[in-house]
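Heads up, the sequence shown is in our numbering, so the first residue is 1 and it goes up one at a time.
Among the clues, some could well be false.
No farther apart than 20 Å at their CA atoms in a straight line, the calculated lysine-lysine pairs in the PhoX-like style are these [to be verified]: (1) 308 <-> 331; (2) 344 <-> 101; (3) 70 <-> 256; (4) 116 <-> 50; (5) 331 <-> 369; (6) 71 <-> 256; (7) 176 <-> 50; (8) 77 <-> 256; (9) 140 <-> 212.
Since the hints were made in silico from the structure, they are not lab data.
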Amino acid sequence: MELRKLYLIPVILCWGLFISTLCNNAIWAKDFVLVIDPGHGGRDPGAIGKISKEKNINLNVALKLGNLIKKNCKDVKVVYTRSTDIFIPLDRRAEIANNEKADLFISIHTNALAKKQQIQGASTWTLGLARSEENLEVAKRENAVMFYEDDYKTRYSGFDPNSSESYIIFEFIQDKYMMQSVRLASLVQQQFKGTCNRRDLGVHQAGFLVLKNTTMPSVLVELGFISTLAEEQFLITEAGASTMAKGIYNAFLTYKNENQLKLSGESRRTVSETSSKPAPVEEIIFKVQFLTSTRLLPQNHANIKGLKGVEHYKEKGIYKYICGASPDYNKVLKTQKEVAARFKDAFIVAFNGGKRMNIHQAIRIFKEKNNARTK
1 MELRKLYLIP
11 VILCWGLFIS
21 TLCNNAIWAK
31 DFVLVIDPGH
41 GGRDPGAIGK
51 ISKEKNINLN
61 VALKLGNLIK
71 KNCKDVKVVY
81 TRSTDIFIPL
91 DRRAEIANNE
101 KADLFISIHT
111 NALAKKQQIQ
121 GASTWTLGLA
131 RSEENLEVAK
141 RENAVMFYED
151 DYKTRYSGFD
161 PNSSESYIIF
171 EFIQDKYMMQ
181 SVRLASLVQQ
191 QFKGTCNRRD
201 LGVHQAGFLV
211 LKNTTMPSVL
221 VELGFISTLA
231 EEQFLITEAG
241 ASTMAKGIYN
251 AFLTYKNENQ
261 LKLSGESRRT
271 VSETSSKPAP
281 VEEIIFKVQF
291 LTSTRLLPQN
301 HANIKGLKGV
311 EHYKEKGIYK
321 YICGASPDYN
331 KVLKTQKEVA
341 ARFKDAFIVA
351 FNGGKRMNIH
361 QAIRIFKEKN
371 NARTK
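Kindly produce the complete structure, drawing on both the sequences and the hints.
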């Protein structure tokens, strides 16, 4: 009998290691979904240069980027909003990404300025309120695509891409993926400057309709200026398009690897926390995060009025607004549903000792305490 028990010990240990390996590999079981969006297309040519049209440059670079990823990243599913010269409405592009449950959305464009203005350089953009007239003009030009749509007044609820007042809505959009979007944008710019040897025009924010409804980290890339002949001539060549695609590809790889390492680390920490006693913690407070802004809002601001217990915290230069603080997760869950009627992307965050903590760990601790009380 004792010999039988001794025999079973290594079998059980091996089985445990096998299960552990399966759990870790499960992290990678789902393909990373990337949606590549070549701007404009079909009846919408985009900006027009002396010898080419923006829609064709965008598509060429997008297809080259997709081919690089398909060839070298077998765990990535590449989806195009268009792979031929067809017209796709702005809101449909975001809808494609959302329906695919994409992990990342990259919209590819080519910039332009009025005649006689000469400038070169590449830039990358994330969703937000334009802080300069130049940034606003870029958004206005890209959003004017909506005029190619027959029912644009209904589809975009009266939004006027040429009216500065219409862009106020972008200041108060709750973008929970802002940090990831800015990180990817920074990586793209590093590659444009290094690998592509282009002038670095930096990372910017503006109110792009194509990014407004995406539910994942999203960026819009401006490859260069089709209105500057030297840059147009570079972008229309196969070598130029391949170089720009390679730069975006390198940035994508770095971003993907960073996020997978982070996911793997969080998974290992969760396994460790589950298998050992949780460390003593101060009282955990749950709150509803409903808004982010690049500037501090006054206490009487219209977007804050009517909400009780509004606070804010600052993270990496972004002001994040929260309300409904309580140690009772169920109570905050109810508050979240109420706030979501006004801010549809409102979600619950948790703080321990004034510092934000992993929400899943916080909920687990809350449930454990509740179960202990009811016994």
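For each hint, the structure was consulted:
no. : hint        : verdict
1   : 308 <-> 331 : holds (14 Å)
2   : 344 <-> 101 : holds (18 Å)
3   : 70 <-> 256  : holds (14 Å)
4   : 116 <-> 50  : holds (12 Å)
5   : 331 <-> 369 : holds (15 Å)
6   : 71 <-> 256  : holds (16 Å)
7   : 176 <-> 50  : violated (40 Å)
8   : 77 <-> 256  : holds (13 Å)
9   : 140 <-> 212 : holds (14 Å)
Of the numbered hints stated above, the single one contradicted by the structure is hint 7.
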